[in-house]
Amino acid sequence: MLYISESLNQLIEEFSQLPGIGKKSAQRLALYILKLPKEDVLKISQALVNVKERMKYCSICCNFTETDPCGICSSSKREVDTICVVAEPNDVLAIEKTSEYHGVYHVLGGSLSPLEGIGPEDLKVKELLVRICSDVDEVILALNPNIEGEATTIYLSRLLKPLGVKVTRLARGIPIGGDLEFADEATLTRALEGRVVV
Amino acid sequence: MYLRNIRVHNFRNHTESTFEFGQWANILVGENGQGKTNILEAISYLCLTKSFYSHGDSYVIKIGNDIFEVEGVFNTERTGDQRVRVAYSDGQKEKIFTINKNHIEPLSSVIGKFPVVICSPEHAPITNQGPIERRRFIDLVISQSSNIYFQHLIEYRKILRNRNKVLAEAKLQKADPTEILEPWNDQLINAGAYLMVRRQKFVDEFERYINSSYHQLVIDGELPSIAYEPSLPVDKSFNQQDAAKVFASELTRRKEREFQVGTTVVGPHRDELLFTINGLDLRRYASQGQHKTFLVALKIAEFFYLREQCNETPILLLDDIFSELDTVRAANLLELVSTISQTFITSTNRDLFDKNVADADSRRMFTISNGAVMEEQKNVA
Chain A
47 MLYISESLNQ
57 LIEEFSQLPG
67 IGKKSAQRLA
77 LYILKLPKED
87 VLKISQALVN
97 VKERMKYCSI
107 CCNFTETDPC
117 GICSSSKREV
127 DTICVVAEPN
137 DVLAIEKTSE
147 YHGVYHVLGG
157 SLSPLEGIGP
167 EDLKVKELLV
177 RICSDVDEVI
187 LALNPNIEGE
197 ATTIYLSRLL
207 KPLGVKVTRL
217 ARGIPIGGDL
227 EFADEATLTR
237 ALEGRVVV
Chain B
421 MYLRNIRVHN
431 FRNHTESTFE
441 FGQWANILVG
451 ENGQGKTNIL
461 EAISYLCLTK
471 SFYSHGDSYV
481 IKIGNDIFEV
491 EGVFNTERTG
501 DQRVRVAYSD
511 GQKEKIFTIN
521 KNHIEPLSSV
531 IGKFPVVICS
541 PEHAPITNQG
551 PIERRRFIDL
561 VISQSSNIYF
571 QHLIEYRKIL
581 RNRNKVLAEA
591 KLQKADPTEI
601 LEPWNDQLIN
611 AGAYLMVRRQ
621 KFVDEFERYI
631 NSSYHQLVID
641 GELPSIAYEP
651 SLPVDKSFNQ
661 QDAAKVFASE
671 LTRRKEREFQ
681 VGTTVVGPHR
691 DELLFTINGL
701 DLRRYASQGQ
711 HKTFLVALKI
721 AEFFYLREQC
731 NETPILLLDD
741 IFSELDTVRA
751 ANLLELVSTI
761 SQTFITSTNR
771 DLFDKNVADA
781 DSRRMFTISN
791 GAVMEEQKNV
801 A
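Protein chains in written order, with the numbering used here: chain A, 47 to 244; chain B, 421 to 801.
These are calculated hints, taken from the structure and not from any lab test.
Do not take every clue at face value.
Stated by the list, open to error - BS3-like mimics (lysine-lysine), calculated; alpha carbons at most 30 angstroms apart, straight line:
{"no.": "1", "chain 1": "A", "residue 1": "Lys207", "chain 2": "B", "residue 2": "Lys665"}
{"no.": "2", "chain 1": "A", "residue 1": "Lys70", "chain 2": "B", "residue 2": "Lys482"}
{"no.": "3", "chain 1": "A", "residue 1": "Lys69", "chain 2": "B", "residue 2": "Lys470"}
{"no.": "4", "chain 1": "A", "residue 1": "Lys123", "chain 2": "A", "residue 2": "Lys102"}
{"no.": "5", "chain 1": "B", "residue 1": "Lys578", "chain 2": "A", "residue 2": "Lys207"}
{"no.": "6", "chain 1": "B", "residue 1": "Lys470", "chain 2": "B", "residue 2": "Lys482"}
{"no.": "7", "chain 1": "A", "residue 1": "Lys123", "chain 2": "A", "residue 2": "Lys207"}
{"no.": "8", "chain 1": "A", "residue 1": "Lys172", "chain 2": "A", "residue 2": "Lys123"}
{"no.": "9", "chain 1": "A", "residue 1": "Lys172", "chain 2": "B", "residue 2": "Lys585"}
{"no.": "10", "chain 1": "B", "residue 1": "Lys594", "chain 2": "A", "residue 2": "Lys212"}
{"no.": "11", "chain 1": "B", "residue 1": "Lys591", "chain 2": "B", "residue 2": "Lys675"}
{"no.": "12", "chain 1": "A", "residue 1": "Lys172", "chain 2": "B", "residue 2": "Lys591"}
{"no.": "13", "chain 1": "A", "residue 1": "Lys143", "chain 2": "A", "residue 2": "Lys212"}
{"no.": "14", "chain 1": "A", "residue 1": "Lys170", "chain 2": "B", "residue 2": "Lys675"}
{"no.": "15", "chain 1": "A", "residue 1": "Lys170", "chain 2": "B", "residue 2": "Lys513"}
{"no.": "16", "chain 1": "B", "residue 1": "Lys591", "chain 2": "A", "residue 2": "Lys69"}
{"no.": "17", "chain 1": "A", "residue 1": "Lys172", "chain 2": "B", "residue 2": "Lys578"}
{"no.": "18", "chain 1": "B", "residue 1": "Lys515", "chain 2": "A", "residue 2": "Lys207"}
{"no.": "19", "chain 1": "B", "residue 1": "Lys513", "chain 2": "A", "residue 2": "Lys70"}
{"no.": "20", "chain 1": "A", "residue 1": "Lys170", "chain 2": "A", "residue 2": "Lys207"}
{"no.": "21", "chain 1": "B", "residue 1": "Lys470", "chain 2": "B", "residue 2": "Lys513"}
{"no.": "22", "chain 1": "A", "residue 1": "Lys89", "chain 2": "A", "residue 2": "Lys102"}
{"no.": "23", "chain 1": "B", "residue 1": "Lys515", "chain 2": "A", "residue 2": "Lys69"}
{"no.": "24", "chain 1": "A", "residue 1": "Lys172", "chain 2": "B", "residue 2": "Lys594"}
{"no.": "25", "chain 1": "A", "residue 1": "Lys98", "chain 2": "A", "residue 2": "Lys84"}
Work out the full structure: start from the sequences and follow the hints.
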C-alpha cells in the first residue's frame, strides 16, 4: 500500500491473517495499536507471547491449559463419571457458559473430514479411549450438527459402545426464544424427527 | 409471480441495461451475439443464484471489470414486491444475494423462492445424452418445490465426496478403509434413501403433467412416459426404510468392487430416468424433432408441476427454442405460453411473433443490439 510505512503495513498484514478479520478491520486495529501508549502495547505483546509459551495441552482432556492437568480435570467438584466430547476448545467455553454441566470434557481437536485430510489418527481419539474405565458412566458426544460432526459421532459411538459405556448425543432442534416460522427447513425437519412425547 | 424490471451491470456484454417487463410475453429479438440470452441468464441469477450455463461466475463479468450486478423486482403472489439483488466480485470471489436488502445465507436457501423454468438449447442433453443431465433436471425441479430435498441433496453430495476421498485414499495406500468408511456409509444411506423416495414420488406425480403438456404440443397419438430407474435394486413400491436396507446391503455386496475402483459405485448419484414415446426409449429411437418436442414438453410440465407445488407461478425462460420447432408446434407452444405466465423469449426471427401473437397488447418486444436495448412501440391495430 502506498504512503503507509512498512512497519504499519506489516502489522496490518499480520492482523488480516487472523480469523474473522478482513483488510479493513486489520487497518482499524493497527491504527488503534499505533495510538496506544507504549506500555499498553507491551502488555498486549507480552500477553501474546505468554499465551504461546505457557499454554499446553492437558494430558487428560487435551484442552488448552496452563497447568497440567487443567482446571476442570483437577477440580474436585467435577463429576468424572461423565465425559463430554467436543471438537474444539471453543466448544468447552460454550458449554461452560451454561453452568449446567458438571462433568469433564474431552477435546478432539477437530472432526473427521477426509476432504481436508483429517482422519481418526489426527484427532485425540486414542487419548479418549484410554480414559474409558469402570468409573465412567456416560460419554456425551457434543459435536457439530454437520456431516463431519455426524461422521465423528458415528465413528466414536462404534468404538465406545463395545466398552460398555453409555453413549449419548446432543438433541437437535429449534433454538429457544426463536419463532418456528423463522427456523430453516433442515432444522425444523430434524426437530420433527426428534420430537418427544409431552 | 412476475418480474417487474431488471437492471444488469457489467454483465456479459451489457455495461448497464434496464428493462421494464410486461406481465406476459416478453420477446427479445436481435442478431446472434447481441446479448439476448444474457438477459435470460441474468434472470436465472435472480431466481437460482447462478446461470443455466454450467460455468463459473467469473465468466459472466464483462471483460475488464471486477464486479457484476443484477437487480430486479419480483411481484410475488405470496409476499408482494420483493427487491432482489445479486452481485459477484471476482477479486474477492464472493457472491452476495439480498432480498429487500437482507442478506440471504446460505445461497441455497434462495432456491424455490422465485421459481423459474428455463428451456434452452443448453438443455438438449437432457433427452439425448447420459443420465447425469436427467438427474440434474429432476433434482432442480424437486429442489425448487422442496427446499428440504435440496438440503438433503447438498448433504448427500458432500457425504459422497468425503466417502469417495476415503476410498481413493485407501486404494492409493493399499489399506482397508472399512472402519473409516462406516460413519460415511450410515449418512450416505440415510440421505440417499430420502432422495430415492422423493424421486420416485416425483416421477409418479410428474407422469400426468408430461402427458398433458406433450399433447398440447402434438395432436397425434404419441404417448410419452417417464420412469424412475434407481441404481439400487428396490422393489416397485418402496419406502425410506426399504431403500435404506437395500442401500446398506448393496454397499456390503459391492465392497470389493469399491475398494478396487476407489469410488462409490451404487447410490442415487447413479440413478437413471427413462424417457419413452410409445414405449420406445427416446434416447435410442426418437427423431430430432421428437427430442425437441419432448424437451419442451418436459419444461412445460415442469412449469405446471411447480405452479401447483410452490403456490407461486414460475416465470418461463425460453431461449431460442422456436427456431427448432416446426411451425405448427411453434405456434401451439406460443399460444400455450403467452397466456399462462410471464414468459421471456429470445429469437433471431421476429416474423414468427408478429404473425402469431394474436393479442399484441399483452406482449412486449425488445430489440437487443450490441448490449443495448430498445423497447418497441406496441403495434397499433
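Structure-based check of each hint:
no.: 1; hint: A:Lys207 to B:Lys665; in the structure: 22 angstroms, holds
no.: 2; hint: A:Lys70 to B:Lys482; in the structure: 27 angstroms, holds
no.: 3; hint: A:Lys69 to B:Lys470; in the structure: 28 angstroms, holds
no.: 4; hint: A:Lys123 to A:Lys102; in the structure: 23 angstroms, holds
no.: 5; hint: B:Lys578 to A:Lys207; in the structure: 27 angstroms, holds
no.: 6; hint: B:Lys470 to B:Lys482; in the structure: 16 angstroms, holds
no.: 7; hint: A:Lys123 to A:Lys207; in the structure: 27 angstroms, holds
no.: 8; hint: A:Lys172 to A:Lys123; in the structure: 26 angstroms, holds
no.: 9; hint: A:Lys172 to B:Lys585; in the structure: 23 angstroms, holds
no.: 10; hint: B:Lys594 to A:Lys212; in the structure: 35 angstroms, violated
no.: 11; hint: B:Lys591 to B:Lys675; in the structure: 12 angstroms, holds
no.: 12; hint: A:Lys172 to B:Lys591; in the structure: 25 angstroms, holds
no.: 13; hint: A:Lys143 to A:Lys212; in the structure: 25 angstroms, holds
no.: 14; hint: A:Lys170 to B:Lys675; in the structure: 29 angstroms, holds
no.: 15; hint: A:Lys170 to B:Lys513; in the structure: 35 angstroms, violated
no.: 16; hint: B:Lys591 to A:Lys69; in the structure: 42 angstroms, violated
no.: 17; hint: A:Lys172 to B:Lys578; in the structure: 27 angstroms, holds
no.: 18; hint: B:Lys515 to A:Lys207; in the structure: 44 angstroms, violated
no.: 19; hint: B:Lys513 to A:Lys70; in the structure: 17 angstroms, holds
no.: 20; hint: A:Lys170 to A:Lys207; in the structure: 18 angstroms, holds
no.: 21; hint: B:Lys470 to B:Lys513; in the structure: 14 angstroms, holds
no.: 22; hint: A:Lys89 to A:Lys102; in the structure: 21 angstroms, holds
no.: 23; hint: B:Lys515 to A:Lys69; in the structure: 18 angstroms, holds
no.: 24; hint: A:Lys172 to B:Lys594; in the structure: 23 angstroms, holds
no.: 25; hint: A:Lys98 to A:Lys84; in the structure: 21 angstroms, holds
Checked against the numbered hints given earlier, the structure breaks hints 10, 15, 16, 18 and satisfies all the rest.
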